[in-house]
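Asker: The lines below spell out each chain.
Number of protein chains: 2
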Amino acid sequence: MAPARFARFAVVAPASAPGPWQPIAGGLTAPQGFLAAGITAGLKASGKPDLSLLLAPEGAVCAGSFTTSLVRAACVDLCAERLAASGGLARAVLTNSGQANACTGERGLADSLTATAALAERLGLAAEQVLICSTGVIGVPIPIDTLVAGLDPLVAALARDGGAAAARAILTTDLVEKQIALEANLGGRRVRIGGMAKGSGMIHPTMATMLGYLSCDAGVPAEQWQAMLRRVVERSFNAITVDGDTSTNDTFLAFAAGEPLDPEHVAALEAGLTAVAQHLARAIARDGEGATCLIAVQVEGAVDEAGARAIARTICGSSLVKCAIHGRDPNWGRIVAAAGRAGVPFDPQAVALWLGQHQLMAAGQPLAFDRLAASHYMRDRAAGTYLGSDPASGDTVAIRLVVGAGPGTALAWGCDLSDQYVRINADYTT
Amino acid sequence: MAPARFARFAVVAPASAPGPWQPIAGGLTAPQGFLAAGITAGLKASGKPDLSLLLAPEGAVCAGSFTTSLVRAACVDLCAERLAASGGLARAVLTNSGQANACTGERGLADSLTATAALAERLGLAAEQVLICSTGVIGVPIPIDTLVAGLDPLVAALARDGGAAAARAILTTDLVEKQIALEANLGGRRVRIGGMAKGSGMIHPTMATMLGYLSCDAGVPAEQWQAMLRRVVERSFNAITVDGDTSTNDTFLAFAAGEPLDPEHVAALEAGLTAVAQHLARAIARDGEGATCLIAVQVEGAVDEAGARAIARTICGSSLVKCAIHGRDPNWGRIVAAAGRAGVPFDPQAVALWLGQHQLMAAGQPLAFDRLAASHYMRDRAAGTYLGSDPASGDTVAIRLVVGAGPGTALAWGCDLSDQYVRINADYTT
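Same order as they appear, the protein sequences are chains A and B. Counting with the numbering used here, you get residues 195 to 624 for the letters of the first sequence. Counting with the numbering used here, you get residues 195 to 624 for the letters of the second sequence.
Treat the hints as calculated values from the structure; they're not laboratory data. Hints are not guaranteed to be accurate.
As the list claims (entries may be wrong) - Derived Cβ-Cβ restraints for the label pairs, each shown as a range:
hint, chain 1, residue 1, chain 2, residue 2, range
1, B, Arg425, A, Glu417, 57 to 63 angstroms
2, A, Leu369, B, Ala557, 35 to 41 angstroms
3, A, Asp355, B, Ala599, 26 to 32 angstroms
4, A, Asp541, B, Ala557, 46 to 52 angstroms
5, A, Leu283, B, Gly299, 55 to 61 angstroms
6, B, Gln551, A, His570, 50 to 56 angstroms
All C-beta atoms in this analysis are idealised placements derived from N, C-alpha and C, irrespective of residue type, glycine included.
So that you can see chain A by itself, here it is in the shape it has in the complex:
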């Protein structure tokens, strides 16, 4: 039995939307033409919703990103192969929660094929146009008859406002649903982006980790869409870490379908996509097991953006930094030590460091600072009662590290490491 998770928990505030983008209600089905559904098919012993469906409009293109783990689930192989074979054409994605379908051998692939074929028939699609994601316990097969029996009611439930039900049905140990929608007027035309995700970072290998989905009602050619989404994923899902335990099932799927977008608005669209993906990624980090706050690390002055992100993510992933923040302890040596082992060149003599508005280092050397005030900054941040002026929102502890005068800047997100995390993960299956 998993022990109770922290009860006090704030949903991450919507990303401060960039440029023309405004938050709107809804999630995946906010963009025009997208339908979704979520039902209880009986795959989870708990009786919670466990089968989810997203149906994109005709002509949709799809970009996919998948776990880099060598040990990956059958459904991940199937998604990757179908998208590669079709050049990014897909219409529907089925998600079952409860069983990850990883380490299930040949039966795993057979079950993925059965499920997508049965769904394709009901939707009047080719099996190759249907994708499948699975999340749950590793090594346990999907009760495939139960899943197939759930497909008729699932298709019947498809609705214009089905995004919220779909977002609920993909959850496993998550404390909260994670969805968002943004809207912008681009050249006189409304464009909407929706998104949903599940997972508490890369910290549930037995519960199949992170799944992310995005919908957009502007048409973008498949190749361009995939290139955009690669950049978006780097700046969002690939910029979070909870404990570095990459899952066997991590998947992000992004669908676009609609009138073609005027090329002059492509940059604005990418900014909106990035905001949606970053919101979902931050929500996943904030929902990290046992976490009491979000940690945002901005690294500036690195040789390039990838280097800055590597440093930022190493800091976010350091157990010692995470413990220090959990203890509201401004133990800055750990932040610099983590940066030093990130494998990215920089000049230690150029380092400057801030915790919120408190500057802790300049020119590679410690500064005198008010330890108590810095500790209270973290305490108030985590409690959501901080009244200061640093730009991070909500319950976010903000770290800013300058490592030189280079052009590389990047943000990464993580969460603190609590004794609750250990209890949750020590007692999971027994």
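On the provided structure of chain A, position chain B as indicated by the hints.
Answerer: For chain B alone, kept in the frame of chain A given last:
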């Protein structure tokens, strides 16, 4: 204030000595001609011993390994430069505990130079023959006058049996001293190897982590000695992990001085050096903050030894694996998931996995196994009451993972992750 560490704690049993090697009493000063001392100079507020000295016989050669962190302490730079300049000739190493002398700017180097020059004068050596290691809090300068005032009593305390005092004076948050000595008859001649270390793995960036020292009374040419020690370090200190937080000060120094060894015994010597270094490395992992047991992971069948070690070390470093073992939870999916993200190619369909004598996987798929018995294996291991027949000794939880039919085999060591670890590291400086 750091909270109390776990009280129940077993010193790691001496490595089962390979071939002709037998454990003997003593540590660094067991080999002939080596002198050592440890005293209280007043560098630590606690009043515990804090200044340590090893003096090697004339003609000694020295091999050094240092942290790969970009942010490294002044003393590390000084050691590395002196050994490079002299081709591995050094006679003495001074160690101060209490202050790490990292992130201390120009003053850090000046203090290292002052300390080694003052000690060299008292020993009748050139400053370049003297090395220095520092361990303690980052960003705080050494009280250099206090250190220099301690040099006369330190040199006066040099003794043939000073190894134990030296081993005590290098400790910071360690719960136990870590020293060992082995002896062998090689071609009718006694050869001895001694060693000492401090640290609880790579988990104390503010307390300057791992220091290791080795002495040997057989003469080996400097280049050959350095090449041997590079292999030894890969198979010992570079095969442990506690939480991946590489320190700014990690240093390993190995001295050899004595009659030249007959070349036919060089392989036997290397086996002894490896056993000493592995003993110290395992003792460091076992002393990991909050740890209740040692974890030993053997990976077999990889493409090469380095690949096997990378997989083994990734498993040892997985927070989820560490939590599962702390909870005595045979949650094998986490072990395979960690292997999958190690960045080393293998065939997931070839994977076989054992926890102690319990086989959990074969041919990439889960086997039915007795969960309770597997859980009790871990419980009894950690309590030191295990009566089974697996080869790991003492309070060691043994994991064996076969990833194919390749020739690469390696061992790595770590420790479990407890809620105590979080409490210790959340409350460290405030």
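Asker: Hint by hint, note whether the structure agrees.
Answerer: Hints, verified against the model:
no. : hint                                    : verdict
1   : B/Arg425 / A/Glu417: 57 to 63 angstroms : violated (49 angstroms)
2   : A/Leu369 / B/Ala557: 35 to 41 angstroms : holds (37 angstroms)
3   : A/Asp355 / B/Ala599: 26 to 32 angstroms : violated (55 angstroms)
4   : A/Asp541 / B/Ala557: 46 to 52 angstroms : holds (51 angstroms)
5   : A/Leu283 / B/Gly299: 55 to 61 angstroms : holds (59 angstroms)
6   : B/Gln551 / A/His570: 50 to 56 angstroms : holds (53 angstroms)
When held up to the earlier numbered hints, the structure conflicts with 1, 3 and fits the remainder.
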